[in-house]
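Trainee: Residue strings, one per chain:
2 protein chains.
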Amino acid sequence: MNRTEDRPLTVVDEHAHAWSPASARARFRDGLAGPTAGVAAGHTQVNLISVPADWAYDTLLFCQRNPKACPVLDVTDAGDVTTALADGADLRTDLPRYRVWQDGELVDEPTDVRAYWRDDLVSFLIGCSFTFEWALAGAGVPIRHIQQGRNVPMYVTSRRCRPAGRLRGPLVVSMRPVPPEHLSAALRESSLLPAVHGSPVHCGPASALGIEDLGRPDFGDPVDAEPDDIPVFWACGVTPQAAVMASRPPFALTHAPGQMFLTDARDDQYRVA
Amino acid sequence: MNRTEDRPLTVVDEHAHAWSPASARARFRDGLAGPTAGVAAGHTQVNLISVPADWAYDTLLFCQRNPKACPVLDVTDAGDVTTALADGADLRTDLPRYRVWQDGELVDEPTDVRAYWRDDLVSFLIGCSFTFEWALAGAGVPIRHIQQGRNVPMYVTSRRCRPAGRLRGPLVVSMRPVPPEHLSAALRESSLLPAVHGSPVHCGPASALGIEDLGRPDFGDPVDAEPDDIPVFWACGVTPQAAVMASRPPFALTHAPGQMFLTDARDDQYRVA
Numbered sequence: 063m064n065r066t067e068d069r070p071l072t073v074v075d076e077h078a079h080a081w082s083p084a085s086a087r088a089r090f091r092d093g094l095a096g097p098t099a100g101v102a103a104g105h106t107q108v109n110l111i112s113v114p115a116d117w118a119y120d121t122l123l124f125c126q127r128n129p130k131a132c133p134v135l136d137v138t139d140a141g142d143v144t145t146a147l148a149d150g151a152d153l154r155t156d157l158p159r160y161r162v163w164q165d166g167e168l169v170d171e172p173t174d175v176r177a178y179w180r181d182d183l184v185s186f187l188i189g190c191s192f193t194f195e196w197a198l199a200g201a202g203v204p205i206r207h208i209q210q211g212r213n214v215p216m217y218v219t220s221r222r223c224r225p226a227g228r229l230r231g232p233l234v235v236s237m238r239p240v241p242p243e244h245l246s247a248a249l250r251e252s253s254l255l256p257a258v259h260g261s262p263v264h265c266g267p268a269s270a271l272g273i274e275d276l277g278r279p280d281f282g283d284p285v286d287a288e289p290d291d292i293p294v295f296w297a298c299g300v301t302p303q304a305a306v307m308a309s310r311p312p313f314a315l316t317h318a319p320g321q322m323f324l325t326d327a328r329d330d331q332y333r334v335a
Numbered sequence: 063m064n065r066t067e068d069r070p071l072t073v074v075d076e077h078a079h080a081w082s083p084a085s086a087r088a089r090f091r092d093g094l095a096g097p098t099a100g101v102a103a104g105h106t107q108v109n110l111i112s113v114p115a116d117w118a119y120d121t122l123l124f125c126q127r128n129p130k131a132c133p134v135l136d137v138t139d140a141g142d143v144t145t146a147l148a149d150g151a152d153l154r155t156d157l158p159r160y161r162v163w164q165d166g167e168l169v170d171e172p173t174d175v176r177a178y179w180r181d182d183l184v185s186f187l188i189g190c191s192f193t194f195e196w197a198l199a200g201a202g203v204p205i206r207h208i209q210q211g212r213n214v215p216m217y218v219t220s221r222r223c224r225p226a227g228r229l230r231g232p233l234v235v236s237m238r239p240v241p242p243e244h245l246s247a248a249l250r251e252s253s254l255l256p257a258v259h260g261s262p263v264h265c266g267p268a269s270a271l272g273i274e275d276l277g278r279p280d281f282g283d284p285v286d287a288e289p290d291d292i293p294v295f296w297a298c299g300v301t302p303q304a305a306v307m308a309s310r311p312p313f314a315l316t317h318a319p320g321q322m323f324l325t326d327a328r329d330d331q332y333r334v335a
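From first to last, the protein sequence lines stand for chains A and B. In my numbering, each residue's number is its place in the first sequence (first place is 1) plus 62. In my numbering, each residue's number is its place in the second sequence (first place is 1) plus 62.
Keep in mind that the hints were calculated from the coordinates and are not lab data. Hints are not guaranteed to be accurate.
What the hints assert, rightly or not - Chain A stretches covered by chain B per the calculated footprint, using a threshold of three residues with CB under 8 Å from any CB of chain B:
#	segment
1	110-122
2	254-265
Claimed, not checked - Chain B stretches covered by chain A per the calculated footprint, using a threshold of three residues with CB under 8 Å from any CB of chain A:
#	segment
3	101-111
4	118-124
Where is the CB? At the ideal position from N, CA and C, for every residue including glycine.
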């Protein structure tokens, strides 16, 4: 679902990993777009979903009831374009690329949503698996899709999220093939980051989640696994977008897949121990 | 703030620690009341706060913005008296004792709130420090107030919670004196339970939290410390009650202090690693 013309920012600029979050946001404000994996390394990237105030309670409750998929790191007041997580940021301009949704349909993918902004929008900033990938890599776990220069594969599962008001939808997961000797570290490291999806929802055969073919992800790219690798599935921050598509609120804004909001928070501050 | 006539249930019945959660709830439904510390050991006890639907978003947002003080384990739909955390339970009858609040004032402390129930009430079940005390005790940390047969001391601090809509109030903390040689275990064990307050908010001099005299807690009982003990402060589930008192919603129900709701969940299921 990535716009293929947007190249990964770490490919566009080999120094992107060393940008400060504020300088990354300034570049995005000036129109730069592209997948943000690896940008401003060590700083927390988050999913964005903005809904009309009338839908905010259902959204917040949906997140509370599905915390592994939708770990909320901040919620703005209605109409507020700032967040406690990023000093001086403007949520309407400071993401690389957005998606605009009307009645559950994707209608635009601009790099700036000032023209779409409404004073009743409440924005949810939701934890992202980039944070636990940093922890896994730090513990020596090979991250296959990064080694292969691809986006992580994501799958719509047969598990239903616990609904909240008008919001309902399937659990979406991301999958990383993990060598057996690294499985313990992968479980431990992600478990210690409950604010960014936490421990996996499933390890082993994909059929348990109703996934028919790991080679055909619903979002992102397929990844090549080694023969002994165990597929490990984590709840994915695309889940609230899937709920928007399924539940059709009259209006919503989100980030474009893989083009996240860069906060000033550091990944390690979400580690509980 | 405990009703002094209510004796601890583990004193009333020496077998109370071995009750099942369902049998404990049945006893409370029949009118038994008293502090629940140690009852149905190993099962998760939670704080209750029920507010009119009009106040539910502010309450949920207050909890999201103050997650260490207000870790939400379940939220009911408006008017629903059941919860996913306790099979067959009725939230109107199955707590030992309740508090009824009107315009921020305490107006009654009944053992049954069917007469006060409203079809627009949304109930929040919030994690409780009893869960991490179990983990601390399991790691060999002496729990002074339990050894001394007292309720944990709680203090209103000078720290303000991050407000949400009409809800605002001070951070309330509980304090446990910890011997220096057990400090590491106390920090580690509570950190691994982020759904029940997680790591401490402060260790050391109480003045940093604006607490003038540890011997005069705002709720609960003073506890005797050994000379080398370090006071350790955790965010406390009384915080949302303090917000209710400060913010004066027209109506609210809560549990009576120390007289918690017994769920079927097990404490160890909230441990992240």
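Trainee: In ascending order, which of the hints set out earlier in this document are inconsistent with the structure?
Mentor: 3
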